[in-house]
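Participant: Spelled out from the first residue to the last, the chains are:
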Amino acid sequence: MVALRYLEDVVTLECDREKCIGCGMCSVVCPHGVFVVAEGKAVMAARNLCMECGACMRNCPSGAISVEAGEGCVRGVINELLGIDGPCC
Amino acid sequence: MNAPANGAFSKMILPMAKEVPSGAGEFHLPSADQSFICGTVATPVGRIPRADSELTRKDLRGHYLVRWNIGRDHFTVEPGLYGLGHPGSDSPVLVTANYKLTFDLLRQTLVGRDAWILVLDTKGINVWCAAGKGTFGTEELLDRIQASRLGEVVNHGKIIVPQLGAPGLAAFEIKKYAGFRVVYGPVQMSDLPVFLDNNCRATAEMRIKEFPFKERLVLVPVEVMQGLQQGVPLMLLFFLVAGFAGNDPFLRAALVHGLPAAFAVLAGIVAGNIVTPLLLPWIPGKAFSVKGAIAGLVVFSFVFTGSDVRAMGYSLLESSSWLLVTLAFSSRLGMAFTGASTFTSLNGVRKEMLRAMPAQFAAIVMGIGLWATALWLG
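Those sequence lines, one after another, are chains A and B. Using my numbering, the first residue of the first sequence is number -12, and each one after it goes up by one. Using my numbering, the first residue of the second sequence is number -11, and each one after it goes up by one.
You may find that some hints are simply not true.
Now the in silico label distances, taken between C-beta atoms and shown as ranges [what the hints assert, rightly or not]:
#1 Lys202/B <-> Leu68/A: 31 to 37 Å
#2 Leu69/A <-> Val353/B: 17 to 23 Å
#3 Asp21/B <-> Pro48/A: 40 to 46 Å
#4 Gly70/A <-> Gly357/B: 26 to 32 Å
#5 Thr(-1)/A <-> Leu216/B: 30 to 36 Å
#6 Gly20/A <-> Asp78/B: 28 to 34 Å
#7 Asp21/B <-> Ser49/A: 42 to 48 Å
#8 Glu26/A <-> Leu285/B: 47 to 53 Å
#9 Ser178/B <-> Leu68/A: 34 to 40 Å
#10 Ile65/A <-> Trp270/B: 24 to 30 Å
#11 Leu68/A <-> Trp270/B: 30 to 36 Å
#12 Thr44/B <-> Pro48/A: 40 to 46 Å
#13 Pro48/A <-> Leu224/B: 52 to 58 Å
The hints are simulated quantities; they were obtained by calculation from the structure and are not laboratory data. Just so it is clear, CB atoms sit at the ideal spot from N, CA and C, and this is done for glycine as well.
I would like the entire structure built from these sequences, with the hints used as guidance.
Facilitator: Now the structure itself:
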């Protein structure tokens, strides 16, 4: 299977090493293996694979992760550009 | 198991919570009057409807239709707790969405097993999309746990939530407010039996979302239907307007000049909604709009460069307009597939759209403009 990769350096995912307690929940919920836990801290090992779903942020008990999460769908972005509070998919 | 007392958190509002609807958290069992119910399971809280793990022809017919975007908005099951097989207080609890396709595939996957299925009210949307919207979320799960008195039905205090539901709910909040420990199940439902047999442990592979050919293939019909929704009005317009061109009778003019333009739209739909999804990994480019345009160019060259088309003697102006129409559609519809794909990010899509949409808009306006120019001034 050819690896599917989207645009590079576009995602807003950030991880605060100071706040991280190393529970590893981010590495469990991430569907693209973005996080690994090394030396008791979460590390973004594959940040470009992030799809900004927000699972890691929502499940981080120490609030160490931030990302502008949302559905990357065309209609949603058009609604956003037009300032409409419309549905996505 | 520290089950929450009745009404303990029905009025609780979490940081990201909306107003809790009235009646939320009150004891409620789903109706037994649903096609897939085959009895009840006796529990301390009452008789819980038992779902059949065998799918009927009617179920499968519904699945086929929703894959074609037919009846997809009302393909739901009632939220609440269901039994599967002969579950007891130590049987696993699996949380899912009330999209009937999801629910049906889950009960089919668990055939021969005893389990509880806790269906959340996601308004008929699948787990992943509902989690993105927050309807598959913390408050809904807390409400559903309480409304089903789950703490009195099972004794293990553990619930299995699909990993792709994680964007919507926080495991630590479920633990904090309901006392239930969330175990995230595998990404793919098909891995559930192995996961359950392996003491609810997922392998690293089970945690990764791939997007294989087969999965892209089942999405094609829905994509095509959505492409046609956008394309058919323009195709009809091409026929109608072309009928008035030149001195030919209406029908002949509509056929001669409308048909190829309509075919240009169709070529764009084929390229953007069929070729792009299916050949996604192999089409050059990272942006879906680029992949769509490349697919459009290829499909166009198959459809319009045959000797029979050349023999018709269309002007360069008119045939150029077809190319622009095809490219506009294929790029736009290919880009729309980001919404169904499993590896594109919001900020990536936003960046791609801001760059691609002006080009797509220019292509369709110029395409229609050239076509009209060729018909009346050419």
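Participant: Honestly, which of those hints from before does the structure not fit?
Facilitator: Structure breaks no hint.
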